[in-house]
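Visitor: Sequence:
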Amino acid sequence: MKKTVQKTLIALAVSGVSVSANALTLEDYLVANSAYDEANLFGSFNATEPAGNDDNQRLGYDYNLAADYQKTFSTLPRSWSYGVVLDATGRRSTEKTNTVVDDAGAATTVTNESVSDWGLSASGVIDTYFHESAYPKAFWFGQGAFESRDSQPDDSVSATIGVGYGRVYDATPLAKVIRIVEELNSEGLLTGPIPDSIALETAEIIQRESEFKSKFGADEYRPDFYAAIEAALARSGSLRDGKVGALGAITMDDVLVDEPISVRKHGWVVRLGAGFQASDLSGIADNDPKLLVEWEYAKPFGYKGQFINSLTYEPVFGDNTIQVINNQMSYTHEVSDTVDWTNSWRMTFSDDDTTQTTTHVLNTRYSFDLGSSLDYFVGLNLTQSDTDPNAANSIGDDPEIKLTSGFNYRLK
Numbered sequence: 005m006k007k008t009v010q011k012t013l014i015a016l017a018v019s020g021v022s023v024s025a026n027a028l029t030l031e032d033y034l035v036a037n038s039a040y041d042e043a044n045l046f047g048s049f050n051a052t053e054p055a056g057n058d059d060n061q062r063l064g065y066d067y068n069l070a071a072d073y074q075k076t077f078s079t080l081p082r083s084w085s086y087g088v089v090l091d092a093t094g095r096r097s098t099e100k101t102n103t104v105v106d107d108a109g110a111a112t113t114v115t116n117e118s119v120s121d122w123g124l125s126a127s128g129v130i131d132t133y134f135h136e137s138a139y140p141k142a143f144w145f146g147q148g149a150f151e152s153r154d155s156q157p158d159d160s161v162s163a164t165i166g167v168g169y170g171r172v173y174d175a176t177p178l179a180k181v182i183r184i185v186e187e188l189n190s191e192g193l194l195t196g197p198i199p200d201s202i203a204l205e206t207a208e209i210i211q212r213e214s215e216f217k218s219k220f221g222a223d224e225y226r227p228d229f230y231a232a233i234e235a236a237l238a239r240s241g242s243l244r245d246g247k248v249g250a251l252g253a254i255t256m257d258d259v260l261v262d263e264p265i266s267v268r269k270h271g272w273v274v275r276l277g278a279g280f281q282a283s284d285l286s287g288i289a290d291n292d293p294k295l296l297v298e299w300e301y302a303k304p305f306g307y308k309g310q311f312i313n314s315l316t317y318e319p320v321f322g323d324n325t326i327q328v329i330n331n332q333m334s335y336t337h338e339v340s341d342t343v344d345w346t347n348s349w350r351m352t353f354s355d356d357d358t359t360q361t362t363t364h365v366l367n368t369r370y371s372f373d374l375g376s377s378l379d380y381f382v383g384l385n386l387t388q389s390d391t392d393p394n395a396a397n398s399i400g401d402d403p404e405i406k407l408t409s410g411f412n413y414r415l416k
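Residues in the sequence shown are numbered from 5 upward in steps of one, following my numbering.
Treat the hints as calculated values from the structure; they're not laboratory data.
All C-beta atoms, glycine included, are put in the ideal place defined by N, C-alpha and C.
Treat the hints with care, as some may be off.
[Unchecked claim] Quick list of in silico lysine-lysine cross-link-like pairs, DSSO-like style, CA-CA up to 30 Å:
(1) Lys-308 - Lys-269
(2) Lys-141 - Lys-269
(3) Lys-406 - Lys-308
(4) Lys-219 - Lys-247
(5) Lys-416 - Lys-303
(6) Lys-219 - Lys-75
(7) Lys-406 - Lys-217
(8) Lys-217 - Lys-269
(9) Lys-247 - Lys-217
(10) Lys-406 - Lys-219
(11) Lys-75 - Lys-217
(12) Lys-269 - Lys-219
(13) Lys-416 - Lys-308
(14) Lys-75 - Lys-141
(15) Lys-416 - Lys-269
(16) Lys-247 - Lys-75
(17) Lys-247 - Lys-308
(18) Lys-303 - Lys-269
(19) Lys-75 - Lys-416
(20) Lys-141 - Lys-303
(21) Lys-219 - Lys-303
(22) Lys-75 - Lys-269
(23) Lys-75 - Lys-303
(24) Lys-308 - Lys-141
[Claimed, not checked] If you anchor each label on the Cβ, the simulated ranges turn out as follows:
(25) Pro-227 - Lys-141: 36 to 44 Å
(26) Glu-208 - Ser-389: 27 to 35 Å
(27) Asn-37 - Val-274: 18 to 26 Å
(28) Gly-94 - Thr-352: 16 to 24 Å
(29) Val-35 - Thr-132: 13 to 21 Å
From just these sequences and the hints, can you work out the full model?
Guide: Pasting the structure below:
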């Protein structure tokens, strides 16, 4: 009986071990050096209730298939990133029309309409910081973008240069450390808290994963990588027996490989630039000058929440002045190690001197990690669009409602 009570007290003490003796937050991670890339295959199937009040409209179905690649690399003096997206979409809608057959009454004819589209886009940006000046967060930048869609009359090609201020830090490595410590704690492998300094040091080691891959090989780097993490944690004096052991190694592998954490970042950055729009999707722009105002803000909430907002304003000055304002806001909450809940709102306003269009898209989605780099998601999407002046076939103020489900497979 006495031994049972002692074991219970020990278990309770271990379960109370904190990640850190102090209130360490993700915003304490201010390391500018980072490098990561990712590639995904994406597919979704959606059921859509069309917008408007037309009784002739019935439920539509559409699909989306996409592949993307994103590379980001950051050092103290320079940060750059680029990405490529290839996607294909298709839609099948059913429209009911009433036609009079004869004097006896009306017959109903069902007409199916199918449309498809595909696109390719690529973009890149490089920020060069004046890190040795009195304003180390000031920088100059250059960026370019290309987009082509089968359904549009022209491609979009643009380039911009300018200046900016601020920096957004990738704190995902620290989030991984916190998850690792939580799991080691639950397995009874910790005897005390991990100091902030050790947690930050371990996060910097995780940040250097690509360095370990380059040095030891993509298939053989993990033993050395995990040994470096273990050595850092052992310096806290809180590892039971001074090492994580086989159980701890499996735990780290689960966190770093099998249960990837969505991006955690913090900070803000603003850009002001000028450039040219060689062409755009609508075919209106033709080597016209343009301006760019861009703002990004990111803030973690605790260890499980992430808020991101990005705003861009791009006027293009040609025969027709084209103005586009785009705001993208999202909040992701980590419900559990394998479930994320994401809510987002996107607002787009466009004005080409003749027509003004405002579109709002609200989306909520649950993503479930199924292991082996595969996620399944299910969600609800509302889209509402207003055009001024209203067209004769305007859909009014009613939103389009879309139920969506699909998968995301992480290639790397």
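Visitor: Starting from Lys-219, check that the Cα of Lys-247 is at most 30 Å away, please.
Guide: holds (24 Å)
Visitor: Given the hint of 16 to 24 Å, is the C-beta distance from Gly-94 to Thr-352 inside that range or not?
Guide: holds (23 Å)
Visitor: CA of Lys-406 to CA of Lys-217, is that 30 Å or under?
Guide: Distance ~42 Å between Lys-406 and Lys-217 Cα, so the pair is violated.
Visitor: With the threshold set at 30 Å, check whether the alpha-carbon distance from Lys-75 to Lys-416 stays at or below it.
Guide: Holds. Lys-75 to Lys-416 sits at ~11 Å (cutoff 30 Å).
Visitor: Hint check: Lys-247 vs Lys-217, CA-CA at most 30 Å. Holds or violated?
Guide: holds (23 Å)
Visitor: Does the Cβ distance between Val-35 and Thr-132 fall inside 13 to 21 Å?
Guide: holds (19 Å)
Visitor: For the pair supplied as a hint, Lys-308 and Lys-269, confirm whether the alpha-carbon distance does not exceed 30 Å.
Guide: holds (12 Å)
Visitor: Tell me if the straight-line CA distance from Lys-247 to Lys-75 falls inside 30 Å.
Guide: violated (34 Å)
Visitor: Within 30 Å, alpha carbon to alpha carbon, are Lys-303 and Lys-269?
Guide: Holds, at about 7 Å.
Visitor: Is Lys-247 close enough to Lys-308, meaning Cα to Cα at most 30 Å?
Guide: holds (27 Å)
Visitor: Would the hint linking Lys-217 and Lys-269 be met if the CA-CA limit is 30 Å?
Guide: Judged against 30 Å, a Cα distance of about 23 Å means the pair holds.
Visitor: Run the distance test for Lys-75 versus Lys-141: straight-line Cα separation, threshold 30 Å.
Guide: Roughly 22 Å between the alpha carbons, so the hint for Lys-75 and Lys-141 holds.
Violated hints, listed in ascending order, are 7, 10, 16, 21, 26; each of the other numbered hints is respected by the structure.
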